[in-house]
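Novice: Sequence:
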Amino acid sequence: DFGDSISVNISFSGDRYKLTDHGETLWNMEQLGIDLTSNKKQKKYQLLNNIVQNYSLVIENKHINFYTNRINLSQAIHDYVLAISEISYLGILKKENIKSLFKDEVMQYFLSNRKIYPNIFPEFKVEGKSKLIHSFEAVFPGEATEYVKTIKRIDKNNAKNVLFDWNDVEIHRNKNFDSNARLNIITEQQDDISEAVSTMLSQYNVEVFSFENKKQLEEKFSNV
1 DFGDSISVNI
11 SFSGDRYKLT
21 DHGETLWNME
31 QLGIDLTSNK
41 KQKKYQLLNN
51 IVQNYSLVIE
61 NKHINFYTNR
71 INLSQAIHDY
81 VLAISEISYL
91 GILKKENIKS
101 LFKDEVMQYF
111 LSNRKIYPNI
121 FPEFKVEGKS
131 KLIHSFEAVF
141 PGEATEYVKT
151 IKRIDKNNAK
161 NVLFDWNDVE
171 IHRNKNFDSN
181 ARLNIITEQQ
191 DDISEAVSTM
201 LSQYNVEVFS
211 FENKKQLEEK
221 FSNV
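Using UniProt numbering, the first residue of the sequence shown is number 1, and each one after it goes up by one.
Please note that a few of the clues may not be correct.
[To be verified] Using 20 Å as the maximum straight-line C-alpha spacing, the simulated SDA-like pairs for lysine to any residue come out as follows:
#1 43 to 86
#2 103 to 49
#3 44 to 29
#4 220 to 207
#5 62 to 108
#6 44 to 91
#7 43 to 62
#8 220 to 44
#9 131 to 74
#10 160 to 197
#11 103 to 203
#12 40 to 18
#13 156 to 194
#14 103 to 175
[To be verified] Computed spacing ranges between beta-carbons, pair by pair:
#15 32 to 218: 22 to 30 Å
#16 62 to 141: 37 to 45 Å
#17 53 to 121: 18 to 26 Å
#18 62 to 16: 39 to 47 Å
#19 112 to 216: 34 to 42 Å
#20 33 to 111: 29 to 37 Å
#21 112 to 203: 30 to 38 Å
Simulated from the structure, these hints should not be mistaken for lab results.
Yeah, the Cβ is synthetic: ideal placement off N, Cα and C, and Gly gets one too.
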C-alpha cells in the first residue's frame, strides 16, 4: 500500500540537517504509472505543489528534501513523515476525484455551511508533551470538546499516528478543562476500515464518520 512504510534519511552538514527520501516516493509512484512532476498543468502536480509549499519542502532531482536545524529536528521529522504520506496518498486519488485533497474538501464543506456549524474552529494546533506540534483539522467546543482529524482512507499506520497525536496532547486537554474531549475521524468510506483498526480506535473512544453521510455529520457537530 502507498505510504505503508516511510523511511527518512537524515544527513548533517555545517549547521543544518537535511531530511530526504532519496527519490523513493516519486520513483515508487512512477513504477505504478503515476507521474506527479512532468506535467505542471495537471491537477495532481498542483496538489503536490500545495503539499510541498505547506510543509516547506524542496524537490531536487525528484528527491523530496527538507532542511532544518538541530533545535527543530524532531518537529521536522514528524512533519516530514506527514508530508510524505500526504504525497503518497495522491497516488490513490481517482482521476475524477482530484478536484481537491480530501482534507480541503471536508473543511470547505464545514466552512461553507457556517449556519449549520457555527462553533467550528478550523486548523487547531496543539503542542504535545513530546514538544511536537499536532494539527487537528477542526475543533468544536461544547459540553465535550470535539476534535476532528480527516483521513481519506484509514489503515493501521495512520490510525496509530492519530492515536499517538491524541495521547500526546492529553496534558494540554486536561489543563484546558478538556478532559472529556473526544476525537473524531472523518473518512471517505467508513465501511472500508478493517475490523482490527476499528477495534483499535473504539478502545480510545474514537468515533469515525463517512464524509458522504452529511446527516450523521450534522447530528454530531451542528448542535455541539
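Novice: All hints, please: hold or fail.
Specialist: Hint-by-hint comparison with the structure:
1. With a C-alpha separation of about 15 Å, the suggested pairing of residue 43 with residue 86 holds against the 20 Å cut-off.
2. About 15 Å separates the Cα atoms of residue 103 and residue 49, which keeps this hinted pair within 20 Å; it holds.
3. Straight-line distance between C-alpha atoms of residue 44 and residue 29 comes to about 12 Å, which keeps the hinted pair within the 20 Å bound.
4. With a C-alpha separation of about 10 Å, the suggested pairing of residue 220 with residue 207 holds against the 20 Å cut-off.
5. With a C-alpha separation of about 31 Å, the suggested pair residue 62 and residue 108 falls outside the 20 Å cut-off, and the hint is violated.
6. Distance check on the hinted pair: residue 44 and residue 91 sit about 9 Å apart at the alpha-carbon level, within 20 Å; holds.
7. With a CA separation close to 18 Å, the supplied pair residue 43 and residue 62 stays within the 20 Å bound.
8. Using a Cα cut-off of 20 Å, the hinted pair residue 220 and residue 44 is violated, with the two alpha carbons roughly 32 Å apart.
9. Between residue 131 and residue 74, the direct Cα distance comes to roughly 9 Å. Compliance with the 20 Å bound is thereby established for this hinted pair.
10. About 9 Å separates the Cα atoms of residue 160 and residue 197, which keeps this hinted pair within 20 Å; it holds.
11. In summary, the hint linking residue 103 to residue 203 is not supported, as the alpha carbons are separated by about 25 Å, beyond the 20 Å threshold.
12. Annotation: proposed proximity of residue 40 to residue 18 is violated, straight-line Cα distance about 26 Å (limit 20 Å).
13. The suggested pairing of residue 156 with residue 194 holds, with an alpha-carbon distance near 9 Å, which does not exceed 20 Å.
14. Between residue 103 and residue 175 the CA atoms are separated by roughly 28 Å; this puts the pair beyond 20 Å, and the hint is violated.
15. Remark: the range hint 22 to 30 Å for residue 32 to residue 218 is contradicted by a beta-carbon distance near 38 Å.
16. Range check, residue 62 to residue 141: about 44 Å between beta-carbon atoms, so the 37 to 45 Å window is met.
17. A C-beta distance of roughly 23 Å is found between residue 53 and residue 121, which places it inside the suggested range of 18 to 26 Å.
18. In this structure the hint that residue 62 and residue 16 lie 39 to 47 Å apart at CB is violated, the actual value being about 21 Å.
19. A hinted range of 34 to 42 Å for the beta carbons of residue 112 and residue 216 is inconsistent with their spacing of about 18 Å.
20. A beta carbon spacing of about 35 Å between residue 33 and residue 111 agrees with the range 29 to 37 Å that was offered as a hint.
21. Hint check: residue 112 to residue 203, Cβ distance near 34 Å, so the stated range 30 to 38 Å holds.
Violated hints for the displayed structure, listed by number in ascending order: 5, 8, 11, 12, 14, 15, 18 and 19.
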